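The listed protein sequences correspond, in order, to chains A and B.
What the first sequence shows, in my numbering, is residues 1 to 357, in sequence order.
What the second sequence shows, in my numbering, is residues 1 to 357, in sequence order.
These are calculated hints, taken from the structure and not from any lab test.
Misleading hints may appear alongside valid ones.
No copy is singled out in the list; a pair is fine if it fits within one copy or between any two copies.
[Claimed, not checked] Straight-line distance between alpha carbons at most 25 Å, and here's what the computed DSS-like set of lysine-lysine pairs gives: (1) LYS269 with LYS292; (2) LYS336 with LYS65; (3) LYS91 with LYS65; (4) LYS98 with LYS65; (5) LYS98 with LYS338; (6) LYS249 with LYS65; (7) LYS249 with LYS142; (8) LYS269 with LYS65; (9) LYS82 with LYS65; (10) LYS262 with LYS249.
Please read all numbers here as calculations on a predicted model, not as lab measurements.
One-letter residues, chain by chain:
There are 2 protein chains.
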Amino acid sequence: MTLILSNDDVDKLLTMPECIEVLEQAYVELADGRGVSRTRSDCLTPTSRDDALYSLKSMDGVVPKLGVGAVRISSDIVTWPKKGNTLVREKVPAAPGKRYVGLVLLFSTENGEPLAIFPDGVMQRMRVGAANGLGAKYLARKDATTIGILGSGWQAGAQLMAVCAVRKIASIRCFSPSADNRTAFSRQMTQMLGIEIVPVGQPEDAIKGADIVMCASNSLDHIFFERWIEPGVHLSSIKLPEIEPKAVKRANRVAIHVRDAKPIHVATKDLVMPETTDGRGWSSGDAIDFSKLPTLPELIVGRAEGRRSAGEVTCFLNNLGLGYQFAAAGALLYRKAKECGAGQDLPTDWFTEDVHP
Amino acid sequence: MTLILSNDDVDKLLTMPECIEVLEQAYVELADGRGVSRTRSDCLTPTSRDDALYSLKSMDGVVPKLGVGAVRISSDIVTWPKKGNTLVREKVPAAPGKRYVGLVLLFSTENGEPLAIFPDGVMQRMRVGAANGLGAKYLARKDATTIGILGSGWQAGAQLMAVCAVRKIASIRCFSPSADNRTAFSRQMTQMLGIEIVPVGQPEDAIKGADIVMCASNSLDHIFFERWIEPGVHLSSIKLPEIEPKAVKRANRVAIHVRDAKPIHVATKDLVMPETTDGRGWSSGDAIDFSKLPTLPELIVGRAEGRRSAGEVTCFLNNLGLGYQFAAAGALLYRKAKECGAGQDLPTDWFTEDVHP
Chain A
1 MTLILSNDDV DKLLTMPECI EVLEQAYVEL ADGRGVSRTR SDCLTPTSRD DALYSLKSMD
61 GVVPKLGVGA VRISSDIVTW PKKGNTLVRE KVPAAPGKRY VGLVLLFSTE NGEPLAIFPD
121 GVMQRMRVGA ANGLGAKYLA RKDATTIGIL GSGWQAGAQL MAVCAVRKIA SIRCFSPSAD
181 NRTAFSRQMT QMLGIEIVPV GQPEDAIKGA DIVMCASNSL DHIFFERWIE PGVHLSSIKL
241 PEIEPKAVKR ANRVAIHVRD AKPIHVATKD LVMPETTDGR GWSSGDAIDF SKLPTLPELI
301 VGRAEGRRSA GEVTCFLNNL GLGYQFAAAG ALLYRKAKEC GAGQDLPTDW FTEDVHP
Chain B
1 MTLILSNDDV DKLLTMPECI EVLEQAYVEL ADGRGVSRTR SDCLTPTSRD DALYSLKSMD
61 GVVPKLGVGA VRISSDIVTW PKKGNTLVRE KVPAAPGKRY VGLVLLFSTE NGEPLAIFPD
121 GVMQRMRVGA ANGLGAKYLA RKDATTIGIL GSGWQAGAQL MAVCAVRKIA SIRCFSPSAD
181 NRTAFSRQMT QMLGIEIVPV GQPEDAIKGA DIVMCASNSL DHIFFERWIE PGVHLSSIKL
241 PEIEPKAVKR ANRVAIHVRD AKPIHVATKD LVMPETTDGR GWSSGDAIDF SKLPTLPELI
301 VGRAEGRRSA GEVTCFLNNL GLGYQFAAAG ALLYRKAKEC GAGQDLPTDW FTEDVHP
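Pulled out of the complex, with its shape left as it was, chain A reads as follows:
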């Protein structure tokens, strides 16, 4: 049978500590060359709407040790609305019922069969969280107890879950521009984590004295600056523009998620792509040479050195996601779903064939 799982299923089954554990294993496989990851590709074309484009993205990965391969597909209608003075890239929930379209397909490396199909949303934020959690595990001070987080959205929650899984966190302060959002987020996450989260009105109030500073925004501009750096802090970012390049350069130790991972870009000729900084990271003048930075998998297997002293400033930049992460988290999800009978079974015959393709 091929399992159809929902985001609710994924939410119930995929706990952050387990997700971190399986990704850590999978990164070892990747660092040692046994795991296989195919960079994201983006196909971009017009759609019938003048103000939108169609984007078909895919990324693949296989973790032979876990017996699972995954393809993650995003089928998006993308617009560029104005937010303040900048154009923001925004997915439109255009599918029936005002929904987004992101899918993960899991396959067995043992017999090729399609194991499961499920939406990517919940797993997407869990794997981003887990990667930054592992960044903190290998770079933050062992005795870190306080977090300052900038951001209060969907990604920010998973970021906190992840660091609380790798460090004994006792206190968290949260800043985001909207008072309503940061208050609601702090209340909700306090309940979930059992650690008091205090919403604060200025980013400096969140950051000051924090052992770990997490950026988890959808900002197109820098939100963390060099002048805020304190000795011994660990900086964490889920997208490049968040941390000012000068601040990254000040860190004693910087690791990235993936090296040499430029997405494959194919687009309709002369397609007009609105200019944004979103997803691009820094401008070229910022000149940080990514090819020289160690990656998270290298850190995990000890090929790159982690924090050397309590006073060092460390930094983890989650610069690009991998289909490979969906294969690892997917293997865990599938095992747990089978154990408890979650999801809907469809006949595997619907997704296999008797003719040699």
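Got chain A sorted already, so can you dock chain B onto it with the hints?
Here is chain B on its own, set in the frame of chain A:
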């Protein structure tokens, strides 16, 4: 609703003339830079069997004019059994029920929704056939009436269907090494096409005097040689080793399917890949510069010249498939399936989501 279609559905709905027509349209879009195609990627890893590897392939394409994007996925257990003196690459039907795993997912470029999911097998041969049919349409003599075909397998049938859709064919001769196979194939295709197909015992008997010579084998060696070339013939091949490079060089006009289309290859480090010529084409010494050859889409839009005279020798090499072909044929299939209510409807909600991924 998201449609689940079977190979039987595809077989009933996708006629060769329509498939050729929609691909011809789609190639115009591709030649003019409106259609978008992402080259195939292959992820290769070990599996638990010592004599086999796991292969996860994917290819994407979007035809905005038809409103459809497609991702085609192959999840294969691959072995290299010995066939005569050579190792042959062979997919093993290892999925439950001894089945293969190849899937096509179709998406709407209008709202992103998943339109349909179906196995790739039947469409795979139809699009290969249609491409070679279009090669013949643009390169073979207008008054061509006879075909000599080398091969009697799954692909050979679609090759004949395709050329019979673009030329008034009156007579076909078929050679393949096994007398049983060529006889059964000839009987079956005679019935399907309403044109008598004569099985013959030597390749020369199939080829002699034929206006169109089609290679449709799974041979790892050359099966058509320069010495067999007659003036005015059109040569057609579905994989590179079939036609001896010297014969290709003798042709006055040669077109290929795709230029610059090296698949993206990622594999487990030090993976032992048995040496075969399968899928590789010619050895490097054969030196035909593909970067200088026109493509089928260029031929269709008139950017490359077709046959100039009755005496010219022409040649079409179907050198690599495209996910783009599945988007085009998929758009046709989906429209026809909706018209006649074919397939099984699944709730689109199963494949979409309310969270921003």
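Indices of hints not satisfied (ascending) = 6, 9
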